[in-house]
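A.B. asks: Here is how the chains run, residue by residue.
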Amino acid sequence: MKEILKKLCIDRGVSGSESEMLDVIKELVGDFAEVSADDMGDILVTMGDKDSSKHIMFDAHIDRIGLVVTYINKEGFIKAEPVGGIDLRTLQSSAVKVLGKETVLGVICTMPPHLSKNDDELSKDKIWIDTGLSAEKVNELVSLGDKIIVCSEFRELLNNQVAVSALDNRAGCAVLVKCAELLKNKNLPCRLSLVFSVQEETNELGAGISAYTLQPDEAVVVDVGFAKQDGVPDEKSGRIGCGVIISISPVLSRKVTDRIKDIAKQLEMECDYEVCGGSTGTNADKISSSRGGIMTGCISIPEKNMHTQTEIVSLDDMEKIAELLAIYAENGGVCNA
Amino acid sequence: MLDYGLLERLCRADAPSGFEDEVREIVLSEIKDYADDIKVDNMGNVLVFKKGSQTPKKKLLLSAHMDEVGFIVTDIKSDGTLKFASVGGINDTAVFAKQVKVGINKISGVVNAKPIHLSSADERKKVPSMDSLCIDIGAKDKEDAEKYVSLGDMIVFDSPYENKDGRIISKAIDDRFGCLVLIEMIKSELPYDMYFSFVVQEEIGLRGAKAAAYTLNPDCAIVIEATTAADVPFADGEKKVCLVGGGAVVSYMDRSTIYDKEFYNIARSANAKTQTKTMIAGGNDAGAIHCSRGGVRTIAVSVPCRYIHSSSSLASVEDMESVFEVVRYTAEKILSE
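Protein chains in written order, with our numbering: chain R, 1 to 337; chain Z, 1 to 337.
These aren't lab readings, by the way, just hints derived from the structure by calculation. Hints are not guaranteed to be accurate.
With a straight-line cut-off of 30 Å between C-alpha atoms, the simulated DSS-like cross-links for lysine-lysine are [to be verified]:
#, chain 1, residue 1, chain 2, residue 2
1, Z, Lys333, Z, Lys32
2, Z, Lys187, Z, Lys333
3, R, Lys126, Z, Lys239
4, Z, Lys240, R, Lys126
5, Z, Lys106, R, Lys7
6, R, Lys228, Z, Lys106
7, Z, Lys140, R, Lys261
8, R, Lys2, Z, Lys106
9, Z, Lys140, R, Lys6
10, Z, Lys125, R, Lys97
11, Z, Lys187, R, Lys79
12, Z, Lys164, Z, Lys239
13, Z, Lys83, Z, Lys59
14, R, Lys97, Z, Lys164
15, Z, Lys32, Z, Lys51
16, Z, Lys51, R, Lys137
17, Z, Lys59, Z, Lys39
18, R, Lys186, R, Lys54
Could you put together the complete structure from these sequences and hints?
C.D. replies: Now the structure itself:
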């Protein structure tokens, strides 16, 4: 799992630039599954019995949050704006990578303490990036619209946990890849589509598009969810390293959710639940209302520090969730059950 | 050209105040074949004498500090996360959601960040203060964390180093650059005898320099430093303080010292690009050295450095070369009189 995740946690694939991830998915599953991409860039992996009347879709968004270059001033400083819900508090004096013709290292501009008031409000209109390069060099390497990510290295913590940016939702993608590996020599009683969907962080675009195109009978969304940590309410979070967070919501199918719960029980997984009064804030919202409605479930990998360069997940949790999904598909889901 | 490979090794070494060992080892191994006398004093300062072609009337000390800003573990919480305090002046804004290394075994950790989704509008606008944050190493609980971490362990930023197109991005340029200049001087043929001190604990109150100046008892001193440049897009005029690319910074005054006027004029007349600060800001070991014993005539020559005291500071190679030239020229001129 660690090796799969490392391959997925690369600098590329900020929302709108997910096509950069196609080769990675091909490398990971191309030997045993059919990989294609739709017009929006969603990466579709097809497995199982293509002629089956049952069609299950597993979705994980593959985009990551970042910034986009909007302006370059005459000194060569780069102005940027957020792509997705980036946390401005994390940017202060962080190193970033500007993904231009070459990857250029830079630093988010800040004022030194003696010149800034501690109560200065953060604003998305004040994001400047300093590459230290001449304006000429910056203009040669960087164009408006290029994406930027905050630097972070893949680091292993204690107890099989890892910390790096973009685990939201490359961790979910790694779970789908692992699930595909578990199913590779098996005969499935259904058609299975694994969707690595685009632009979740901006407007959940890809999941809606792919659900419309694929017309599955049922779907399960894999994303990251809040892990318990300081300041995070107990009822909105799950324990890291214990298993899985299962979403319960009016927009989700009870049948699918119950099946997920049953399999988790069978695997002796410890589950935490996130109960939402309305929509889930994940791709499940778009998928479940696609076309005439699709029965949808949603499970999450407990993650600390969401939307920062220090996101943390447990590889053990991811392994178990991959196993859960594999069993779900092997049994043909809930359609016609 | 200075040895920038050595600068990279010095910057990558982890040595917050009180934990200068890694830098001291590099210094000692680099200078051992070039110096005439090397002592490590009770505080950990490295005190060096090197003979030149002539013995001057005055005793000149060149000084740089080995320590960098960092953190120290102050408590281990029941959930296995670590409370910490800064070692040296670090802005709250530079800490949130950064990757770090803990203890001499350098285990990976991250500064935790409450997810933006669960933060109020007010919380999102301001970076929380350091004392409300904790570091996550992935430990299950206090007992688990205690297997790897003890109170008083050092913590340093885990951030990238890059030297590209004439600019360097790294932690700890303050003051590994000064150490580099001293090492290069010691390795070169000197016109006059000179003394050198690689000192400890600058960042927590100029403590090492005080002891070194007492022991070596110089008549005059040159402090080699990195100093705050604030030439970013949202700073105007004098608030920029000094400019990256503007040459060696020679100050007439800062918050700890009024510098020797004659030495200031000598330094400014060197055949290299120089500038002075446009605000009375900052301070360095000169503050401890110039008032040592019966007084020491002192000047500081610094490389301008943006985002100093953060995980990623930025400086120009051309400025570094200018500083070396100014230091060499000023030392020779002072001793020739």
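A.B. asks: Each hint needs a verdict: does it hold in this structure or not?
C.D. replies: Outcome of the hint check:
1. Lys333(Z) x Lys32(Z): Holds, at roughly 27 Å.
2. Lys187(Z) x Lys333(Z): With Cα atoms ~19 Å apart, lysine 187(Z) and lysine 333(Z) stay inside 30 Å; holds.
3. Lys126(R) x Lys239(Z): Since the Cα atoms of lysine 126(R) and lysine 239(Z) sit roughly 17 Å apart, the hinted pair holds (cutoff 30 Å).
4. Lys240(Z) x Lys126(R): Judged against 30 Å, a Cα distance of about 17 Å means the pair holds.
5. Lys106(Z) x Lys7(R): The given pair, whose Cα atoms are some 24 Å apart, holds under the 30 Å limit.
6. Lys228(R) x Lys106(Z): 25 Å, holds
7. Lys140(Z) x Lys261(R): At roughly 25 Å apart (the allowed maximum being 30 Å), lysine 261(R) and lysine 140(Z) satisfy the hint.
8. Lys2(R) x Lys106(Z): 21 Å, holds
9. Lys140(Z) x Lys6(R): Roughly 23 Å between the alpha carbons, so the hint for lysine 140(Z) and lysine 6(R) holds.
10. Lys125(Z) x Lys97(R): 24 Å, holds
11. Lys187(Z) x Lys79(R): Not OK: lysine 187(Z) and lysine 79(R) at ~43 Å, beyond 30 Å, violated.
12. Lys164(Z) x Lys239(Z): Holds, at about 27 Å.
13. Lys83(Z) x Lys59(Z): 46 Å, violated
14. Lys97(R) x Lys164(Z): 13 Å, holds
15. Lys32(Z) x Lys51(Z): 14 Å, holds
16. Lys51(Z) x Lys137(R): 45 Å, violated
17. Lys59(Z) x Lys39(Z): 17 Å, holds
18. Lys186(R) x Lys54(R): With a Cα-Cα distance of about 16 Å, the restraint between lysine 186(R) and lysine 54(R) holds, given a limit of 30 Å.
Checked against the numbered hints listed earlier, the structure breaks hints 11, 13 and 16; every other hint is satisfied.
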